[in-house]
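Listed here are the chains, written in short residue letters.
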Amino acid sequence: MVYFSQLKGRSVYDSSGKNIGSLVDMAFTDGEKYAEICHLIYSSRNKYRKKIPWRFVKEIKDNPETSRLDADVYLNAPESELNPTFEQEKELIVSRLVDKQIIDVDGLKVVRVNDVLLGKIEESFCIVAVCVGAKSFIRSLAGERLGEIIGSKIRENIIPWEFVEPLDPDIQKLHVKLKRSKIADLHPADIADLMEDLTYKERELIFNALDKDKAAQTIIESEPEVQKSFLRTMKLNNILEILENIPPNHAADIISVMPEHMRSDIFRAMNRDAAKKIREILGYPDMSVGSIMHTEFVAVPGDYTAQKAIEFLRKTKPASDKMYRIYVVDSEHKLLGFLPLGILVTAPEKEKIQELMKTKIIKLNITTSKQDAANALSKYNLFVLPVVDQNNVLKGVVKADDVISEVMPKAWKKRRYFASRTRRFNGRNGFRDKGVMQ
Amino acid sequence: MRKPKISRSRLLLFLAVLGPGLITANVDNDAGGITTYSVAGAQFGYPILWTLIPITFLLVLVQEMCARMGAVTGKGLADLIRENFGIKITFFIMIGLLVANFATTVSEFAGIAAAGEIFGLTKYILVPMCAAAVLLFTVRFNYKKLEKIFLLMILFYISYIVSGILAHPDWTEVGRQFITPSFQFSSAYLIVLVGVIGTTIAPWMQFYLQSSVVEKGIRAQDYKYSRVEVILGCIMTDVVSFFIIVSCAATLFLNGIVISSAGDAAIALEPLAGTLAKELFAVGLFGAGLFGAFILPLATAFYVCEAFGWESGLNKKLKEAKQFYVIIGVIIAVSLGIILIPEMPLLQIMLLSQVVNGMVLPIILVAMLFIINNERIMGEWVNSRFYNIACWISTVILIIISVVMLLTTFFPGLLG
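Order-wise, the sequence lines are chains A and B. According to this note's numbering, the stretch in the first sequence is residues 6 to 443, in order. According to this note's numbering, the stretch in the second sequence is residues 49 to 464, in order.
Excised from the complex, chain B in its bound form (with noise of 0.2 Å):
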């Protein structure tokens, strides 16, 4: 019998389209991401973790799409969504993506803030000097540079997994609860349910996908190297969010701890999971939420200005780029002002940029199913037959729990 053996030069091929995926798949878990995680643990215990196995499936199914199409036309999302829908459609979806993006920048934000409290550090300073550090990075560095030290983040994340473990959870339970599906119907859990699939699915993310594979030039022809990368990407992401959920449900949500933010997750963790599990928490939160600060005002300001045409790229002058660093500067300046308000929810704020996240997803994955089934434009890589389907009824779903979602918020007695 022959070994199936891996020619050294289909191995290189693989390294050398890698990259997008695993970058994607860490910035994916931002200090939001985090919070809502711990709030979903925290809130609704194990019996949450099951919704990870479909959002998983179901957030390989659209980033496979958006590195489909980066690799295919060599466009970024926001591009082909101008191209396609012309600019009244674009226009009121770059509003969506932009309300949605600004308001993860303030949880970033509020992750560092929350992070600060733990070690005993003022928000009112720490966070100013981490909004400062932010611009600094974005005007004096090299995005791409700065991107790869990030990708060393991958280390913060083993601290969840870690945590995950200090916290003794029992096992079998989890592991029960994991593939038995079950759902509440109330108001809270159909927030928290989606805020988990808003933060896991973040509308931004594709768009930060599909540009990184247009900027590492993987062509079509090697697409398929680059299919396995996501995948394992993706993958990947969810095993954070599953240490995360299950870290705080076999301590907060066993000893009925309510929690408002996820600094007093990992304050809540202490007693129940030791000091290191408390101090890993925050320093991952703190991490994460400066890494999301930094690249979100970026990463908007650049779709935006891909879509409407102006001048982007921090190469250019104030001048000559005027809307493009308006939007990083006004991002920045007003999430930093929200956060320096004494007494704000910083924990709503948090849960809420999900949700925004959360609603805006739908609009964008249709957006995506109309451009990735043009045959003008993708040629013989459009849907099959049984991927339209899976991603239609996703979407269908997805807009069925955010409009519950709206109408419980709006007639809280609508479940009961």
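The shape of chain A in the complex, shown without the other chains (with noise of 0.2 Å):
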């Protein structure tokens, strides 16, 4: 394996063992696993810069007469047989990806390439892995003696190209295309994290490589900020969709960081009873439950028989997550008790639900401060309260996990967490993450 660092500058030599130019550049084309290097870019006396098949390098070899790292580069063809061309503008080449910021979808961070490393897999000549580290650091800055020399106590760190998410506009294209953009593969609130350290193009660049929902819990996840430089560029109709597949508590969340004029505009253009919800909760004090709570829950009259009961799941198909307790409810939506689903889907199908359900319950008015309803989830072990106005009509649902990122302190919050993940990675090099041999 070579670094580009190593390879940039080297002489070129034709077959007859003349020297034609040095290489400045490599060409790649993108791949799953590895980037295929397909053109060999030099620069011959005159200066052009000038493009080559890759398949006329014969070899990458030493030269004896100097020390070994000197790997000049010789081609299989006289030069006249080259017939070179000249680079596209948008060309993908090597130098690109040096020097620039990209994701390491691997370690869930932004991190600047200092060094690339091209290897030979099976017959063909690829972009392995980045550099990344100190070492490649002090290589590229000290020039490969010294480096060797200072660096030689500090491992490589390298990451491979199968988790390499670059950030150049025209490589971003060119990845959205091949529908195979990695980051799209990590949670929501993952990627929430890595767009605050990226600029606001490189933001929508990856956003719009989601698909719908993902995009949508992006949104709900990130920090304000990002929240509302997605919205500024963003269609109206794009936002409306995600908004009306997202929760109402979620929508009011990111209709509250709107500009007035868009919030209006959104509003109008919402279905009716969606707009209503998420205005209504959009209503409550900042402080209160009322603002964080879920709208969507499951309630059946108490009149029900527990065969009917099961038949209304059945219709509704509610997520499994909001069937663990079902709410019992008068006919004017007023809470009277609960049911687990454990008993329902045991008792026997006549039975009515008023009589099964359990009446001791705990439940949060609408107006109960969140550290008030922190309180309460922990104190009686809950993971799920309902929410009812002062009339106990039953209003929606609190959830644990919502609450808890609310009442969390803020420099908790910005102590990023990312779930630790495994190096999937088995290169056929067998090399591991870090430490590389040449």
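These are computed hints drawn from the structure, not numbers from a lab. Owing to the predicted nature of the structure, the values given are computational and were not obtained by experimental measurement. Glycine included, every Cβ here is placed at the ideal spot set by N, Cα and C. Misleading hints may appear alongside valid ones.
[To be verified] Sample of chain A residues lacking proximity to chain B, with all beta carbon distances greater than 10 Å (derived): (1) Gly36; (2) Lys114; (3) Ala194; (4) Ala324.
[What the hints assert, rightly or not] Restraint-style ranges between C-beta atoms, simulated for each label pair: (5) A:Thr238 <-> B:Leu366: 35 to 43 Å; (6) A:Lys38 <-> B:Ile448: 50 to 58 Å; (7) B:Val147 <-> A:Ser21: 30 to 38 Å.
Grab the two chains, each in its own frame, and use the hints to assemble them into the complex.
See below:
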């Protein structure tokens, strides 16, 4: 394997041994695991950059007269048969990766590329990984020999190409075209954290590569500043589509960061029911549970039979996490009690719900503060609590995870936590994430 | 006839982009700046005032470019430099910036020490206390919030305008000198001139402004509003500089008083302009020093890490962002150490720091000009021809002044 910094500037010899110029760059085509080098770009004495297919390269071998690190490029054809062409403007070239920021999809952070590691994979010459650590930093700064001396104790820190998401717009566009934006596999909360380190253009590129659900979830998980930056560039229709497909409490969160004029446009265009729910949530004071409660829950009238209730569940198909507790209400939607799913499914078919339900129910008022809600959830060891208004009408449910993120000290939230992931890379050349041999 | 009307939404847009320019203007007049202007006024009097006109012009040019680059690319200046010039050039620019910012931090502490002495506080207690406070601020508080608090420092700067008026300058003379160019071919004059340029258009300010624009999320399409704010900020900076020079020129220069620190300037103001003028001067100096000492090490660490791709940010743990915290810690600790050495010539240090800034500036300017004229980066937002001509002429003049100044320092007889 060889580093790009080692190859750059090396002499290129044709088959007759004539020095035809020096290597300045390489063009590549992107691929899933490796990016294959397809062209060699050299600059001859008259300074033009010329491009020849990589198949002309016979070998990259050490010059016996100098030290072993000097790797010159030997071609398998005479200069007259090369027919060099010129680069295109948007060519993917290796030097466009160097010095740029990329996303390490596996380590979940934005890093800067100091060097690129190339190697022979089966019959083709490929970009195997990018180098980001101190060793490559010293090597590109101080030159190879000095870098070797200073950095001999430091391990090479590389990111396999498989886990690299370049941020260069042209390379990015290609990724999106190939439908292989690696970032799409990440959890939305992790994507949201990464977004904070990117420029607005990069954010949009990545955001547009996500599917609708993931995009919506990513917006929900993002910091208000990032949300604002998305909303400013999205089309009204796309925003609507997202807002109508997420729970109203999250939609309300997003709408609350919008500028006034945008808000009224959105409400006007939105379907009436959804708009009403969102407005209601926006109407609750910021510090109350009303502003974070979910308005989607499962409630059945007390006079239903067990069979009828089960049929109701079959018909409406609520999400499984919303079914564990079924709330029981009267004809005016006043909260009477609750029914654990387990009791319902094991009950005799004809049994009335009001006979089965538990009436000892802990509930929150809509104006209860978030802190008190957190207290109640923690004290009674519950994951979810119903929320009622002053007339005991059931309005929504508050979930522990929503409360946690609200009452957690800001400083904690800023501490980024990335769920641990395993590096799945098993390169054919058998190197692990750190420590590369030549 | 219809009156020109500013529509409400336009005004809102302007207010929404407000911040970067004004805050930068505020940070610009730091303790080192105040000292440099005081010395300039005391040593050369009103005749040096006219230089503020071309300096303001250049400041507007430079800051406008930074704000534009920030809005168009969404990237910081250090980021752009690294991506366009590679690691080696970036390394040297960052070393220059590091040295200049380190020297400036020393001058901030020197300002605190000088201000303390006026109120009878010894630097051996005050400066370590302030350094501890700065560290505490850095680690414990949200930097964005602190920035807003420091925005209130605009009030401190009013104190300089008041001091200037209390000094009862001869306004017709001030006006006449302000618009009459003059020049002195002496080493002392050149050093002060480079210092004034260096402190007004401090290189790190350009990095600071550009990151503020990026963080604020200003885009190319709202940029025209941001531009107005940046220009306002530049003018505000130099109005304050103007009054500092005037107050020192009207009192110290006319009475032939030689000063050796901004603190001296304040003390010397007392019999000539009253106790209030002295105290206002000192309070302003203290505030400016504290703010500078807080923001400089932090900003430096951010830019260096940005350029080299190291982890940065106060929300990271020490282990994750080693380089970031080391830079902050070392700058504060070493600056503090230098200030605490007895008999340290504080004025020379402060002046020297601004001179270093003045010498790093042309290098940064050249880098900026290359980036901003690159169509691949800036698209339709590249510089106009007029803009480029003005910038290149200024850069060449800056380089000439710096070189001549260096030559006269090493060969004192050169200009006689």
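These are the hints, each one checked on the structure:
{"no.": "1", "hint": "Gly36", "result": "holds (25 Å)"}
{"no.": "2", "hint": "Lys114", "result": "violated (7 Å)"}
{"no.": "3", "hint": "Ala194", "result": "holds (16 Å)"}
{"no.": "4", "hint": "Ala324", "result": "holds (33 Å)"}
{"no.": "5", "hint": "A:Thr238 <-> B:Leu366: 35 to 43 Å", "result": "holds (37 Å)"}
{"no.": "6", "hint": "A:Lys38 <-> B:Ile448: 50 to 58 Å", "result": "holds (56 Å)"}
{"no.": "7", "hint": "B:Val147 <-> A:Ser21: 30 to 38 Å", "result": "violated (52 Å)"}
Hint compliance for this structure: hints 2, 7 are not met, and every other hint is.
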